[in-house]
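2 protein chains.
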Amino acid sequence: IAKEVAKLLEMKAELGADEGKHKFVLKTPKGTRDFGPKEMAIRERAFRAIIACFKRHGAEVIDTPVFELKETLTGKYGEDSKLIYDLKDQGGELLSLRYDLTVPFARYLAMNKITNIKRYHIAKVYRRDNPAMTRGRYREFYQCDFDIAGQFDPMIPDAECLKIVHEILSDLQLGDFVIKVNDRRILDGMFAVCGVPDSKFRTICSSVDKLDKVPWEEVRSEMVGEKGLSPEAADHIGEYVQLHGGLDLIERLLRDPKLSQNKLAREGLGDMKLLFEYLRLFGITGKISFDLSLARGLDYYTGVIFEAVLLQQDPEHGEEPLSVGSVAGGGRYDGLVGMFDPKGRKVPCVGVSIGIERIFSILEQRLEAAEEKIRTTETQVLVASAQKKLLEERLKLISELWDAGIKAEILYKKNPKLLNQLQYCEDTGIPLVAIVGEQELKDGVVKLRIVATREEVNVRRESLVEEIRIRTSQC
Amino acid sequence: IAKEVAKLLEMKAELGADEGKHKFVLKTPKGTRDFGPKEMAIRERAFRAIIACFKRHGAEVIDTPVFELKETLTGKYGEDSKLIYDLKDQGGELLSLRYDLTVPFARYLAMNKITNIKRYHIAKVYRRDNPAMTRGRYREFYQCDFDIAGQFDPMIPDAECLKIVHEILSDLQLGDFVIKVNDRRILDGMFAVCGVPDSKFRTICSSVDKLDKVPWEEVRSEMVGEKGLSPEAADHIGEYVQLHGGLDLIERLLRDPKLSQNKLAREGLGDMKLLFEYLRLFGITGKISFDLSLARGLDYYTGVIFEAVLLQQDPEHGEEPLSVGSVAGGGRYDGLVGMFDPKGRKVPCVGVSIGIERIFSILEQRLEAAEEKIRTTETQVLVASAQKKLLEERLKLISELWDAGIKAEILYKKNPKLLNQLQYCEDTGIPLVAIVGEQELKDGVVKLRIVATREEVNVRRESLVEEIRIRTSQC
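Top to bottom, those sequences are chains E and P. Whatever position you read off the first sequence (first residue = 1), add 29 for our numbering. Whatever position you read off the second sequence (first residue = 1), add 29 for our numbering.
Bear in mind the hints are in silico, worked out from the structure with no lab data behind them. Worth double-checking, as some hints may not be accurate.
Where chains are identical, the list cannot tell them apart; a pair therefore holds if satisfied intra-copy or between any two copies.
Stated by the list, open to error - Below, computed lysine-lysine pairings styled on DSS-like, alpha-carbon distance capped at 30 Å: (1) LYS142 - LYS153; (2) LYS476 - LYS425; (3) LYS111 - LYS36; (4) LYS32 - LYS117; (5) LYS229 - LYS84; (6) LYS36 - LYS142; (7) LYS84 - LYS446; (8) LYS418 - LYS32; (9) LYS56 - LYS111; (10) LYS425 - LYS142; (11) LYS471 - LYS446; (12) LYS32 - LYS372; (13) LYS111 - LYS59; (14) LYS67 - LYS372; (15) LYS56 - LYS153; (16) LYS256 - LYS316; (17) LYS425 - LYS111; (18) LYS153 - LYS117; (19) LYS287 - LYS242; (20) LYS256 - LYS417; (21) LYS417 - LYS443; (22) LYS36 - LYS117; (23) LYS56 - LYS32; (24) LYS316 - LYS242; (25) LYS375 - LYS446; (26) LYS417 - LYS67.
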């Protein structure tokens, strides 16, 4: 087979190459984009806030390869598996690009027999989804993951994950948000008491997961039509999934005659109550909503699940604010590491993933609206000359500055005009110009020009580094 | 064809899946590795030094997708093209993982019609090479690239690239090194005067490139045997490629009766002389060697090329120090952007790529030898309790600390033993413990323990944040 495939692929490649000559396309692959210097400045600002939070919570950092053995990803994502990018079989192992950072993390734990770690991981993941780039949905995108692995007392690490989401979203000032919380055990208990057969739990869960995008009627008809659920069971689910609230709702459901009879639901609701207690101590219950419609698509969750959504800035008076999109999600996955361990040893885990692309879009739009000029370099000084034939002197001076740790540039011209050199500083935001001229060289000084004020001072050459440091210390 | 391929691939996948069940392998793909917290600490240390240098030279930063359209990479790498990773054809565009950061950079410039930029890019690249992981050769590895694009006066940006390599290698204290420099025009001129036909320039250049790994005799027999070069031409090349030196050698070759007759060689040698003049002003000629055996494998270079190699630490008396491997390389590629521009408009570029994996290996070995303990978190304080039933108080206190920007942890236990909490600080290097107890709560204080000295002081709760900041300000 391999030979046949190779032959056919070769024939195809030849055809492809021929086509290529006729219409060469200058673009990035579908669903991906470049980050230019401006976008990078915004991206790094967001990363700084996120990393600061992860470090504040004592996390270590790890990294894993961008691809995994195909079999490592198999059977972890349920219906989403079709979105995985595979690599071409070029001989050797079958590989796939990572779909998230959670499965590689679980593989890492099992492989290194780690039973206890708190780590973050910021890296790109890949999904062959239909991109909607204006809304921040890409095929290549960053995830910023924080996870706590280990056997601990219930809900303490879970509460910390929610605290982290709350800190990051507050810190980035993205506007109002709500963190929806649910528990897979409550969902499964609910499915059981509604009469969903065990074998349909996961697929019905996938249907419920669509409720943030499509109305209940559509989800119901998928359950009944495509997935063969009885209309009564669907309607019963429909009653539960419109419920959301706080501690009051948890307590109401704990008294619910049907749900309270189900062991899983009871466990989930008990832990949910404990979680709310811890969140109260953290002072963040105001932004938390226990929401029975939250399901999360991925197969591997086993307990608490959550998702943070940004809310519309100015809702109409009296109406509930609309959600404008999910920016973080996560939950507990106690079984995933065990799937990799040869002896099935489990390592309980809970974690959160911050989806940075939508956050970028918002930060970008805001900066554009504010017409704030972002500097894309940190250069402190341009080494310039007022006369010709001073390239050697410029090179000598800039070399001294670099060696002293000063961020410095020159124009790559033998005899640049002073005006062009000053204009370059205006354009790029360089605050100082160190000007060498024949007179200055004779006097052992450098003329330092402050771009903003056009002030010029002669500085002795041996004091120049110190003078530049002082004058740019706030940069 | 596509249908047939799909069918065959499907059959194959089924077979593959069956095999998978029998022997599940827990590993990262061949030639790749995870970075645990310790390795990440080392990696980030190296990145910090490299990024600081790039910023000191006024570079902006960009990022591009990890894969490109397959045709973007086609015809750019010569004989190395066979090492490119392709993605599986899952419908839609044909994609390949990037092989370096230079071709994506050129694509980015052409696509955005940028004629003038100085940027760095630090990212992973992919090569289906034979891995030699103990020597730092991987299939997935980082490149740290700095490039200057634009029409400038000769050799000024080129000299800056070499200065950057010199700064980074000095800064990282990797031991003695030499930066070999040559020029593709000198090589091509040399090939011409040695009687190599034009059509064989690139392939003979690839042979010369192997001289750092295999002896001349082997390279010669490849030229004559495999590549059909006349033995006379090969021997003539052999005489040139053993030459290396400084300004003296450049001037000798400028007077070489044959080479000086060749226009390309004359241009290359003239620019090489200018380059050495600028490097003298930068004070770095001591580490630079003009070396006629340096060829660089990639097709796209058009002018200056260079490669930095680390030297054996303690060479035998009187012997030349042995090279222990290349850690940086680069050169001028004035034609690459034009290959992407629909109208063939050229943007001259020169750049350097720091290969970080070998540097990691060296830093890792050195740290291991020094038995230095590296902290993998930045946690300033552990919030602990001496008695039972104080989880709520711990959660309240740590929440206050987090909100004040203090890096703090707790153990995720309801009633942890004090000894275990102190041990955790010893193990992870946390310098302070904030202990809440019933008496302290009554008195409105927190007991702050300094782990290193075992000293304990009572601090008023409202002064705790300030006290922690002062005591960890050197961290």
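Going through the hints against the structure:
1. Taking identical chains as interchangeable, the C-alpha atoms of LYS142 and LYS153 lie at most 30 Å apart whether they share a chain (25 Å) or sit on different chains (27 Å).
2. With identical chains, the CA atoms of LYS476 and LYS425 are at most 30 Å apart within one copy only, with a shortest distance of 15 Å there and 57 Å across copies.
3. Within a single copy, LYS111 and LYS36 get their C-alpha atoms as close as 26 Å, and across copies as close as 17 Å, so both meet the 30 Å cut-off.
4. Both within a single protomer and between protomers do LYS32 and LYS117 lie at most 30 Å apart by alpha-carbon distance, with minima of 14 Å and 16 Å respectively.
5. In this assembly of identical chains, LYS229 and LYS84 lie within 30 Å of each other by CA distance neither inside one copy nor across copies; the values are 41 Å within and 56 Å between.
6. Taking the shortest Cα distances, LYS36 and LYS142 never come within 30 Å of each other, neither inside one copy (43 Å) nor across copies (39 Å).
7. Taking the shortest alpha-carbon separations for LYS84 and LYS446, only the inter-copy value of 25 Å comes in at or below 30 Å, while the best intra-copy value is 48 Å.
8. For the homomeric pair LYS418 and LYS32, neither the shortest alpha-carbon distance inside one copy (66 Å) nor that between copies (68 Å) is at most 30 Å.
9. Taking identical chains as interchangeable, the C-alpha atoms of LYS56 and LYS111 lie at most 30 Å apart whether they share a chain (25 Å) or sit on different chains (23 Å).
10. When the C-alpha separation of LYS425 and LYS142 is checked against a cutoff of 30 Å, the pair qualifies neither within a copy, at 55 Å, nor between copies, at 33 Å.
11. In this homomeric assembly, LYS471 and LYS446 come within 30 Å of each other (Cα to Cα) only inside a single copy, at 21 Å, whereas the closest approach across copies is 73 Å.
12. Taking the closest pair of Cα atoms, LYS32 and LYS372 never come within 30 Å of each other, the shortest separation being 37 Å inside a single copy and 41 Å across copies.
13. In this homomeric assembly, LYS111 and LYS59 come within 30 Å of each other (Cα to Cα) both inside a single copy, at 17 Å, and across copies, at 24 Å.
14. Taking the shortest Cα distances, LYS67 and LYS372 sit within 30 Å of each other only across copies (27 Å), while inside one copy they are farther apart (49 Å).
15. Both within a single protomer and between protomers do LYS56 and LYS153 lie at most 30 Å apart by alpha-carbon distance, with minima of 19 Å and 20 Å respectively.
16. When the C-alpha separation of LYS256 and LYS316 is checked against a cutoff of 30 Å, the pair qualifies neither within a copy, at 35 Å, nor between copies, at 71 Å.
17. Taking the closest pair of Cα atoms, LYS425 and LYS111 never come within 30 Å of each other, the shortest separation being 59 Å inside a single copy and 45 Å across copies.
18. Proximity of LYS153 and LYS117 under a CA criterion of 30 Å is satisfied in both settings, with 20 Å inside one chain copy and 19 Å between copies.
19. Taking the shortest Cα distances, LYS287 and LYS242 sit within 30 Å of each other inside one copy (29 Å), while across copies they are farther apart (75 Å).
20. For a Cα distance limit of 30 Å, the shortest separation of LYS256 from LYS417 qualifies neither inside one copy, at 80 Å, nor across copies, at 51 Å.
21. For a Cα distance limit of 30 Å, the shortest separation of LYS417 from LYS443 inside one copy, 8 Å, qualifies, whereas the shortest one across copies, 75 Å, does not.
22. Taking the closest pair of Cα atoms, LYS36 and LYS117 come within 30 Å of each other both inside a single copy (14 Å) and across two copies (15 Å).
23. Taking the shortest Cα distances, LYS56 and LYS32 sit within 30 Å of each other only across copies (27 Å), while inside one copy they are farther apart (33 Å).
24. Taking the closest pair of Cα atoms, LYS316 and LYS242 come within 30 Å of each other only inside a single copy of the chain (21 Å); across copies the shortest separation is 62 Å, beyond that limit.
25. Taking the closest pair of Cα atoms, LYS375 and LYS446 come within 30 Å of each other only across two copies (25 Å); inside a single copy the shortest separation is 69 Å, beyond that limit.
26. In this homomeric assembly, LYS417 and LYS67 never come within 30 Å of each other (Cα to Cα): the closest approach is 34 Å inside a single copy and 52 Å across copies.
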